[in-house]
Amino acid sequence: MSTASSTPLVEGAPDGPVPVKTGPSGPRARSARAYLMYVAGKLGGAAVSLFAVLVTSFFLFRIIPGDPVRTMTHGRQVSAEQLASLRRQFGLDLPVWQQFTEYCAKALSGDLGTSYQFHAPVGELIAEKLPATLLLTGVAVVIYSMLGLWLGTRSAWRHGRLGDKVNTGVALTLWSVPSFWLGLLLIITFSVGIGPIPGMFPTGGMETGGETGFGYVADVAHHMVLPVVTLVAVGYAQTLLVMRASLLDEMGSDYLTTARAKGLRDDLVRRHHAVPNALLPTVTMVFINLGHVAAGSILVETVFSWPGLGGLFYQALSVPDLPLVQGLFVVFAGAMILMNLLADLLYPLLDPRVGR
Amino acid sequence: MTVPSTAAQTASSLAWARRRGSVARFWRAYRTHRAGLFGLGALAVIALVALAAPLLVGSDVQSVTNAPGAALESPSGAFPLGTDQFGRSLLGLLIWGARISLTVGLMAAALSVAIGTLVGILAGHFGGWFSTVTMRITDWFLVMPTLVLAIVLATVMSRSVWTVILAIGVTSWPTTARLVRAQTLAVESRPYIERATALGGGHGHIMSRHVLPNVMPLVLAQTTLGISNAILTEATLAFLGLGDPDVVSWGGMLQDAREAGAVSSGHWWYLAPPGIAIAVVALAFTLCGRAVESVLNPKLGVSAR
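Those protein sequences? They're chains A and B, same order as listed.
To convert, note that position 115 of the first sequence is 115 in the numbering used here; the numbers rise steadily by one, no gaps.
To convert, note that position 302 of the second sequence is 302 in the numbering used here; the numbers rise steadily by one, no gaps.
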């Protein structure tokens, strides 16, 4: 990274590749065109990935289990007629290629099939549970990204000191902890209560019911404390480590020496010169985390009976309700692809060196 | 072999001396990482306990029918960690569970790294359209939510330890493949590869005798880091009830504890030990992996600086 610019990026790049409306000529129009080309490329890539997800989900659930209907009715008394009618219901009596084209056409129009367990459209079930997951994971990601950035910056700036060692040590330890176990332990300690500690948080769910207005918001927030703490504790290490590594990478750079030679205070050098450059890889990380955390919340939602997609996935697994598992798989993978796409699109806006 | 035997002997003894030297150098550098040493020590102890499990507790701890204690006893002299809902000693189960965690962790990481290395070396060596296609597939696997894919694989296949190993192994190889491909490209741009080609070395010879030894250190670091991930994923799958129901594992113990109502009745002594065990093993492998990584690639400066 010897070409790192000494201009602090935090002040916004006035001549950045933002698609602004100017005349047809000039550097702005050219960079806008370059950015549009870049966007088109990334959109195409995302579309290919999404199609690949559909193909995979089809083969995962139709081919590997051998007979999906047998897998779903495993351990129950089912007559031959019932099996045959289930096969017809899932379209398994058609040739494979026809099943595949039908599946793709339906999925693209938003129809992900019918749940075997709830007898309701999979898309509807997912839409109903989505807000709860977005709320929980959104809050958790914002908190742990902030925490990770802050602690990572502190750690790297004073690397090798005791504070850095404690910081990384704690983060690595929490990272090695299974999230579901931490959740269960938090429930025992703070909801059920051990010894002198009273149970002060609800054991699960999202609301007590019967509250409206501000009371409702406070109630949901009260229910969210423990799941968010669990997600943050297990997740912030990754942001911390990436931020620390990328800041350490910048710290040997000449432009920091120049900034110091200009007589800037250490604090200003860090805030205005080093951190903005080191932020770039971390921003990508945050977006990829957003995609991951939706899937990662499966366990936390299960443990805290949070009424979101993760909890739904767990319910679907225990049957197993293959159409629902399949739909959720597509949604989780789609979220990853979407977040990666957003990170890719944002990156050249933050770093003008990318995508030219 | 047309080479005279004495020359062969000196050549191989030279090679061995060189290997001994590099191992010694590695160890001298590794020794300076205190966290890495701590991880190695913890792993040695846990591996010993796991190997000696049949001697320490006997294989009948898993038996549900003739369990020695009453259900859900608190920790006592006879049962240092208490008993589960079937009256089995939790300490015995914990020791026995170490075997499955370590086995699955090691084998899944080995499988994942083997796939990753193979794909990486082939893509790096052959280049062209083959590399493009392979790397597209790798990239695509990279954006898949690994845990969800592993869960789905474990759901649609039959319940066994092998399913779990396979599910973890085939979902976590892409990172290794990317790293190995980059390293392969770096190695193949060196002059001695050209020399080997000029002397008539084929693809197989170059990949196995020149590229592979050079990517091995990287692979070693990846494996160590991958094991802790594999162990966590195994525990997760077992907790979700997707593990082998006949085998005692730490994740399975946590599932049992939850089903027995240990959470609502406040039996923290049932819940705490398996989780601590998972965390200690995963942390130990992470610490070792980071130490190995920073010894082999000091520029990363992950834990030494």
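Don't read these hints as lab results, they were simulated from the structure.
The reader is advised that the hints may include incorrect statements.
Where chain B lies over chain A, by a calculated footprint (3+ residues, C-beta under 8 Å) [claimed, not checked]:
1. 181–190
2. 316–330
Here are the simulated distance ranges between beta carbons [unchecked claim]:
3. B/ALA114 <-> A/ARG70: 26 to 36 Å
4. B/THR197 <-> A/LEU43: 39 to 49 Å
5. A/LEU43 <-> B/LEU185: 44 to 54 Å
6. B/LEU185 <-> A/ARG33: 24 to 34 Å
As the structure is a prediction and not an experimental result, all values here were calculated from the model.
Positions of the beta carbon are idealized from the N, C-alpha and C atoms, including for glycine.
These are the hints, each one checked on the structure:
1. 181–190: With 7 residues closer than 8 Å to chain B, the region 181–190 of chain A meets the three-residue bar; holds.
2. 316–330: holds (count 7)
3. B/ALA114 <-> A/ARG70: 26 to 36 Å: Holds: the Cβ-Cβ distance is about 32 Å, inside 26 to 36 Å.
4. B/THR197 <-> A/LEU43: 39 to 49 Å: holds, 41 Å
5. A/LEU43 <-> B/LEU185: 44 to 54 Å: violated, 29 Å
6. B/LEU185 <-> A/ARG33: 24 to 34 Å: holds, 32 Å
Violated hints amount to a single one, hint 5; each of the other numbered hints is respected by the structure.
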